[in-house]
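**Student:** Taken in sequence, the protein lines are chains A and B.
Position 260 (the first sequence) corresponds to 260 in this note's numbering; numbering is contiguous.
Position 194 (the second sequence) corresponds to 194 in this note's numbering; numbering is contiguous.
Since the hints were derived computationally from the structure, they do not count as laboratory data.
Idealized CB from N, CA, C, for every residue including glycine.
One or more of the hints may lead you astray.
Unchecked claim - Sample of chain A residues at the chain B side, in silico, Cβ under 7 Å:
(1) Leu37
(2) Asn46
(3) Phe81
(4) Ala155
(5) Pro162
Said to hold, decoys possible - What the simulated footprint calls covered on chain A by chain B, stretch by stretch (three residues with Cβ under 8 Å from a Cβ of chain B suffice, anywhere in the stretch; the number is not a length):
(6) 47 to 53
(7) 164 to 170
(8) 191 to 197
(9) 278 to 287
As the list claims (entries may be wrong) - With the C-beta cut set under 8 Å, the calculated list includes, among others, these residues of chain A facing chain B:
(10) Glu35
(11) Arg58
(12) Ile151
(13) Gly159
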Amino acid sequence: MRMIALRVGRGLLVILLVTFVARVMLSLASGSIAEGLLGSEATPENVAALEARLGLDRPIWEQYLTWLVGAVQGDLGTSMFTQQPVAESIIARIPVSFQLAAMGILIAVVVATIFAILSASFPDSPLDRALNALSSVLLSAPGFVAGPIFIFVFAIVLGWLPVLGWVPLSENPIENLKFAILPALAIAVQEIAALHRLLRTDLITTLGDDFILAARARGMGRAYVMFRHAFRPSSFSLITVLAINIGNLLGGAVIVEVLFSLPGVGGLLVTSITTRDIPMVLGVVTFIAIIYVIMNLVVDLLYGVLDPRVRRPVAR
Amino acid sequence: MFNRKQRFALAALTAAALLLSGCAGTGSPAPTSTEGTGGPVTGPVDGGTLTALLLSEPRNLDPHGLQNNNRAQALVGNALYGTLFTADPDSAELIPSLAESLTTSDGGTTFELKLREGLTFTDGTPFDAAAVEYHWSYAQDPENGSNGLQDSGLIVDMNVVDDVTLEFTLERETPRFGARITLSPLNWIASPTAHEAGAEAFDANPVGAGPFVLDNWTRGGTLSLLRNDDYALDAAHLDGIDVQFVADTNQRLNALATGAADITMIDNWGITARAEEAGLQVVEMPISGGQLLAMNQTAAPFDDIRARQAIAHGLNLEAFNQIINEGQGTLATYLFSDDHPLFNDVALTEYDPERAQELLDELAADGKPLSVTFTTFQGSEVVGEAYQSLLSSYDNLTVEIEVVSWAETGRVLGQKQYQTTIAATSFQEPDTALPRAYLGGAPRNSVGVNDAELDRALIDGTNATETAARQEAYQRFSTRFAELAVGIYYQREPLVAVASDKVGGIQMYAQGSLIPDTLWLAE
Numbered sequence: 001m002r003m004i005a006l007r008v009g010r011g012l013l014v015i016l017l018v019t020f021v022a023r024v025m026l027s028l029a030s031g032s033i034a035e036g037l038l039g040s041e042a043t044p045e046n047v048a049a050l051e052a053r054l055g056l057d058r059p060i061w062e063q064y065l066t067w068l069v070g071a072v073q074g075d076l077g078t079s080m081f082t083q084q085p086v087a088e089s090i091i092a093r094i095p096v097s098f099q100l101a102a103m104g105i106l107i108a109v110v111v112a113t114i115f116a117i118l119s120a121s122f123p124d125s126p127l128d129r130a131l132n133a134l135s136s137v138l139l140s141a142p143g144f145v146a147g148p149i150f151i152f153v154f155a156i157v158l159g160w161l162p163v164l165g166w167v168p169l170s171e172n173p174i175e176n177l178k179f180a181i182l183p184a185l186a187i188a189v190q191e192i193a194a195l196h197r198l199l200r201t202d203l204i205t206t207l208g209d210d211f212i213l214a215a216r217a218r219g220m221g222r223a224y225v226m227f228r229h230a231f232r233p234s235s236f237s238l239i240t241v242l243a244i245n246i247g248n249l250l251g252g253a254v255i256v257e258v259l260f261s262l263p264g265v266g267g268l269l270v271t272s273i274t275t276r277d278i279p280m281v282l283g284v285v286t287f288i289a290i291i292y293v294i295m296n297l298v299v300d301l302l303y304g305v306l307d308p309r310v311r312r313p314v315a316r
Numbered sequence: 001m002f003n004r005k006q007r008f009a010l011a012a013l014t015a016a017a018l019l020l021s022g023c024a025g026t027g028s029p030a031p032t033s034t035e036g037t038g039g040p041v042t043g044p045v046d047g048g049t050l051t052a053l054l055l056s057e058p059r060n061l062d063p064h065g066l067q068n069n070n071r072a073q074a075l076v077g078n079a080l081y082g083t084l085f086t087a088d089p090d091s092a093e094l095i096p097s098l099a100e101s102l103t104t105s106d107g108g109t110t111f112e113l114k115l116r117e118g119l120t121f122t123d124g125t126p127f128d129a130a131a132v133e134y135h136w137s138y139a140q141d142p143e144n145g146s147n148g149l150q151d152s153g154l155i156v157d158m159n160v161v162d163d164v165t166l167e168f169t170l171e172r173e174t175p176r177f178g179a180r181i182t183l184s185p186l187n188w189i190a191s192p193t194a195h196e197a198g199a200e201a202f203d204a205n206p207v208g209a210g211p212f213v214l215d216n217w218t219r220g221g222t223l224s225l226l227r228n229d230d231y232a233l234d235a236a237h238l239d240g241i242d243v244q245f246v247a248d249t250n251q252r253l254n255a256l257a258t259g260a261a262d263i264t265m266i267d268n269w270g271i272t273a274r275a276e277e278a279g280l281q282v283v284e285m286p287i288s289g290g291q292l293l294a295m296n297q298t299a300a301p302f303d304d305i306r307a308r309q310a311i312a313h314g315l316n317l318e319a320f321n322q323i324i325n326e327g328q329g330t331l332a333t334y335l336f337s338d339d340h341p342l343f344n345d346v347a348l349t350e351y352d353p354e355r356a357q358e359l360l361d362e363l364a365a366d367g368k369p370l371s372v373t374f375t376t377f378q379g380s381e382v383v384g385e386a387y388q389s390l391l392s393s394y395d396n397l398t399v400e401i402e403v404v405s406w407a408e409t410g411r412v413l414g415q416k417q418y419q420t421t422i423a424a425t426s427f428q429e430p431d432t433a434l435p436r437a438y439l440g441g442a443p444r445n446s447v448g449v450n451d452a453e454l455d456r457a458l459i460d461g462t463n464a465t466e467t468a469a470r471q472e473a474y475q476r477f478s479t480r481f482a483e484l485a486v487g488i489y490y491q492r493e494p495l496v497a498v499a500s501d502k503v504g505g506i507q508m509y510a511q512g513s514l515i516p517d518t519l520w521l522a523e
């Protein structure tokens, strides 16, 4: 409990720091939402008047404090651009980003695990070298490269899947899957490569340990040894990286969401930064920071499950 | 045609553009191997839901926040609110719609707008002259940020004569004020009762008198419209329209090519050519003027006419077109398109590299070697890069590129915080767009030109009623524009609707504003 409380306290500090830095960075970016709202015919006087009405003429620390007081009470404010409550806008988009992240990570973990086990089982074999080469290719294919390739192959040439758009899962699960698979694959591509390499290295290291040799000497099969003995201690790095990546993806895979025109959190962040919609940017940044904090807490707790030694207090 | 340095630059930039287009966005879609079709052969057909893809989602459904042009949400505005007028795409002649007539008896200072009898909004409240006065007054208040501010700003007085008649007076003679209505949100009249309820309530229930009503709007998702069976004019053919917002132009084209959407608006000549190759239906709005490289005359270096003339003479616009449009763009050598009734053959710029170098040397000798910052907007970087590359062969000239967000348009163009940048002045009817852009002191005069001779030509062209007089005035304008090197028109603006061959009844007015009532889908 003490550990959890400590982690939560640190997490709150992180959120404070991240949101403050975001607010400062927004103030440094040129352009103002007032200019966007009033259009190119606005005079400097009009812009200044609107900025005063929106409270944008106050010192940054004062604006941030006002926002913080509201945020602590659960009020993330109203979008200056759409006039919609910020919290509602974000909540409406969470299911899309969560689904994409979950699908992308699931695909990545399954494929990367299979690749890593094959690689670690036959290190330096032609199969291992082929999988490493494939990983290198996938690593150099970020979302904005993989996405167009998938669109070209699966949507345009083969016509199997739609080019863009979204149907909510609650509306039609089958149609939802058709719209979600290409963006999820685009997200998964780089994740597969990174996770494969990480897990392969850790598995090869673990398979070289004495206790593995002892297990094999006692007659246990390779597959049994791999899954029962080697996989668990090799997964710490994987879990750590997964947590960071899940946090990143839950905040919205920005490029993929924009490319496929998906109504997720990432797309909302892009729009709100472009329009200098300060309350919305702060709201989305807060949401992403909270996700990161939660995921890090989950990782710390998972360590304790995976390795009981972590749970025991250190002997003095 | 091109010197050695320019050929190398052209090849390098083209290769870079190809490479970058493969890495960013979606890259080129593979054209499907269907024959080109011009749309359905028989029709119209009633029924069906059309899927339309637009560039950007509106921030709300207030008609004052929508822009009445090809790039923005004109389709949504026309669908929800109908139109007071549309315009003939070739002659720009005003066509009555929900309004019956717009007449002037004193050459264009006082007007009488007459609405059709018995119009009502979908909430049952009357669509009358008072409603028009409400919206045009609302547009006049700068605090409301209406896109109709400049056009409504010409109105100095309004008087509701009766339910269907509004008289209004302009600050100066503008015989063709009707064209300004069709270019702006002044054309869209919402229910004042609903509008006064505030943005949130209005977005949930945007009450107009158009051929469609709002069914549902999921932000970031689909904006669904249903046919308004109580529409005062002929009912729309379609049962509904689903509007989705897709920023990537290639993706919009991919969606059409794969049948995921029916129609979209395109603002890129290269993409238009690919649409044609893919066998899609391409409908272009005849337009004059175009997109130009604006040069800020209110500050150095372009407050010096020699600097402007140097660039105007130095830039090879054919090479420019090759780089930014793969050669597919329509050059804007003259102010008016070939078939415009006011066409004149005064070339707005003349490529003369020797003269350009002379001017640059002259500036350098005066201690003012030309150093230019090209401000380009996100997504239009290739324009700045082409500009920089094609001018790199000249001595005493350096070009830097600054990329800014579209959120800074107001700062850049409105407050003239740039040296040279991209702008657009396209029109069917010159009386609206040209004074807006070039009349001394006009709010949208983003180049800062203030020349008595240019102003005189503009005013004469606006006030004239006979074609010959207008032609003469705009010829003077073209000549003076070229003398002053006010800007460099590099292409006609692509105002293009691209659709599958199932879509019929594609009509646009003014600046490519798509008319929804005439659209239909073949079975």
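**Student:** Now look at each hint and say whether the structure bears it out.
**Tutor:** Each hint tested on the structure:
Interface hint status for Leu37 of chain A: upheld, as the beta-carbon distance to the closest one in chain B is roughly 5 Å, under 7 Å. Among the interface hints, the one on Asn46 of chain A holds; its C-beta lies about 5 Å from the nearest C-beta in chain B, closer than the 7 Å criterion. A hinted interface residue such as Phe81 of chain A counts as satisfied when its beta carbon comes closer than 7 Å to some beta carbon of chain B; here the least separation is about 5 Å, so the hint holds. The restraint placing Ala155 of chain A at the interface with chain B holds, with a minimum CB-CB distance near 6 Å, inside the 7 Å limit.
Evaluation of the Pro162 of chain A hint against chain B yields a held restraint, the C-beta minimum of about 5 Å falling below 7 Å. Against chain B, the stretch 47 to 53 of chain A contributes 3 residues with a C-beta closer than 8 Å to a partner C-beta. That satisfies the three-residue criterion, and the hint holds. Only residues whose beta carbon comes within less than 8 Å of a beta carbon in chain B count, and the stretch 164 to 170 of chain A has 3; three or more means the coverage holds. Only residues whose beta carbon comes within less than 8 Å of a beta carbon in chain B count, and the stretch 191 to 197 of chain A has 0; fewer than three means the coverage is violated.
With 0 residues having a Cβ less than 8 Å from any Cβ of chain B, the stretch 278 to 287 of chain A misses the three-residue criterion, and the hint is violated. Hint status for Glu35 of chain A: holds, given a least beta-carbon distance of 3 Å to chain B, under 8 Å. A least Cβ separation of about 20 Å between Arg58 of chain A and chain B goes past the 8 Å threshold, and the interface hint is therefore violated. Restraint check, Ile151 of chain A versus chain B: the minimum CB separation of about 6 Å is within 8 Å; hint holds.
Of the supplied interface hints, the one on Gly159 of chain A holds, with its beta-carbon coming within about 6 Å of a beta-carbon of chain B, less than 8 Å.
When the structure is compared with the earlier hints, violations turn up for hints 8, 9, 11 and for no others.
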